[in-house]
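Below, each chain spelled out in residue letters.
Protein chains: 2
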Amino acid sequence: MSGSAVIGIDIGGTNVRVGAVTLEGRLLCARDAPIAARQGPQAGLERITALIEQVVSTARVSLLGIGIGSTGPVDRQLGAIQNPYTLPTWENVDIASPLRGHFGVPVTLENDGDVAALGESWLGAGRGLSRLLMVTVGTGIGIGYIVDGRIFRGTAGIHPEGGHIPVDPSGPLCYCGAHGCWESLASGTAIGAYARELALSQPTALGSDPEQIDARRVAEAARAGDPLAIRVMQRGGLYLGLGLVTNLHLYLPDCVIFTGGVMHSYDLFEAGLRDTIRRCSVMSPLDRIPLRMAALGQQAGIFGAARAAMIEAGS
Amino acid sequence: MSGSAVIGIDIGGTNVRVGAVTLEGRLLCARDAPIAARQGPQAGLERITALIEQVVSTARVSLLGIGIGSTGPVDRQLGAIQNPYTLPTWENVDIASPLRGHFGVPVTLENDGDVAALGESWLGAGRGLSRLLMVTVGTGIGIGYIVDGRIFRGTAGIHPEGGHIPVDPSGPLCYCGAHGCWESLASGTAIGAYARELALSQPTALGSDPEQIDARRVAEAARAGDPLAIRVMQRGGLYLGLGLVTNLHLYLPDCVIFTGGVMHSYDLFEAGLRDTIRRCSVMSPLDRIPLRMAALGQQAGIFGAARAAMIEAGS
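Going down the list, the protein sequences come from chains A and B.
Going left to right, the first sequence walks through residues 1 to 315 as the working numbering numbers them.
Going left to right, the second sequence walks through residues 1001 to 1315 as the working numbering numbers them.
FYI, nobody ran anything at the bench for these hints, they're computed from the structure.
Hints should not be assumed to be uniformly reliable.
Which bits of chain A does chain B cover? Going by a derived footprint, with three or more residues having C-beta under 8 Å, they are [stated by the list, open to error]:
(1) 146-156
(2) 263-272
With the Cβ distance kept under 7 Å, some of the chain A side facing chain B (calculated, not the full set) [unchecked claim]:
(3) Pro-41
(4) Glu-161
(5) Ser-208
(6) Val-245
(7) His-249
(8) Ser-284
Idealized CB from N, CA, C, for every residue including glycine.
Given only the sequences and the hints, what does the whole structure look like? Please build it.
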């Protein structure tokens, strides 16, 4: 044994990542594997257990606790993942009890957006700041808000679904029940859908085969100068800005950290985004809040999940 | 002397109210007077000083501190009111230093929405709750958010301007810089303006004289069955609901407390408001968050201002 560590686990729709993190924030060892959700939660749990055992024995540490950040929704109190959407078959799966039983340490379960924000706040782009808002723009839009090193939670301890704030009532109906929520207008899915709609009736380098059009291709075509793709990205930037202005008004963070696949195209959004924020900064200095990119990449989840377990244990 | 008390002061656009409040939250004595802002801040300060002296001598207490809630914006650090909008001539007026000098006690300055929320959280409709969102709908829309008995503040300690979140980009341009912010669509001013616009071209019991049409008259006409007024109030309720859904998603309070003149017509909005919230509760149980009316009336400001001073002093 070379010391002690906390295990951080990041469960996504595709992969699960497991790492051993010291109390000082050093990553000793990490492993990942496909989550293969369709094989069922029992197989997934066995895979996660094996990864933890590998990491602990490779790092040669004694295990203090386990923190998990999972693609939501999760029930923190029950330690259960309630997510048949991006983890098919994982509905009401108690993940905390079996791991607690097997390893004999406390297990903490959190939303993945919250732990990524916690990781960036602890060791990444938000280090040293009191109020950190992390915005993930990918297939959907999610947020995590960290205040004084703690996850901001709402009534009954629930996680704010910031991607589903209404932004334009003339927008499309989302599964959340709102017309024109932020996610339905500015996520990667929304960008792809709007481009496919326009491509049906207008010439574009994207072609008109809907299966070939997604947010990544739209960004590439916009970079190559395709007018339709440019329009789609500008609209995305405008709506990204409107939803962000609302988040800035209510949370007033010291800094915003962006992450997620769509944010690889940040340069295409930036002018529109900053212009929208500037326009809306009469009442509060929203335009002075720095916008940064995440610094920890895929490790944010491992660090943040480990940190969540440390906080739960009071260390 | 019968004990000690903190002075709470509520400065509005029309009146200033001053009260002596014990540490246990008992109001010993209160006085008010017109603020008469146009006579200048020096006259106002003298009036406030005289009211404090009256209250202290009537209550026969020793003075522990002074808390002020003022119609915003205020600079808490400087103790200065920056408000030429609803307090004409009161621009960059240092109110804390002269009162501190005269009375020899600490002086705390806060935004009026924040102290009203703090008062309701301490002694009113939000008593005993961890997270309280207060929404004031009157001439404008303002919010105050209290978490664990403390005012929620943003970066640099500033107050969230929740009335200016963008709600419908096809809405009117507001002085805040946004099109269709919450205040521009659901405040009393917005309700009056929309009714005046419709009344130009459509028959209504409101008549067509714009000077005779304001939110209060629209509410009366809606109650009397005027179709145009009913439509205007329904639209107000819809937008009130959309902005509220956003606040609920991000703050996830244990309870919402409404106050302000427009909320005297709450019965006319309620169905539309609850329907909007219900529709948008798929991702988070927003429809389970209780909506209540404020309980302290005009005394919320005095109690909250006194409480702010107590918190500042650590008592």
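Per the CB criterion, is His-249 of chain A less than 7 Å away from chain B?
Since the shortest Cβ distance to chain B is 5 Å, the answer is holds.
Regarding the hint that Val-245 of chain A lies at the interface with chain B, is the smallest CB-CB distance below 7 Å?
Interface hint status for Val-245 of chain A: holds (6 Å vs cutoff 7 Å).
Are at least 3 residues of the segment 263-272 of chain A within less than 8 Å of chain B when you compare beta carbons?
violated (count 0)
Chain B contact restraint on Ser-208 of chain A - CB to CB distance below 7 Å
Violated: closest Cβ of chain B sits about 29 Å from Ser-208 of chain A, beyond 7 Å.
Holds or violated: is the Cβ of Ser-284 of chain A closer than 7 Å to a Cβ in chain B?
5 Å, holds
Chain B contact restraint for Glu-161 of chain A - C-beta distance below 7 Å
With a minimum Cβ separation of about 4 Å from chain B (threshold 7 Å), the hint on Glu-161 of chain A holds.
Residue count check for the segment 146-156 of chain A against chain B: does it reach three with CB-CB under 8 Å?
holds (count 4)
Grab the minimum C-beta distance from Pro-41 of chain A to chain B and call the hint holds if it beats 7 Å, violated otherwise.
Status violated, d = 22 Å.
Going down the numbered hints, you'll see the structure goes against 2, 3 and 5, while the others check out.
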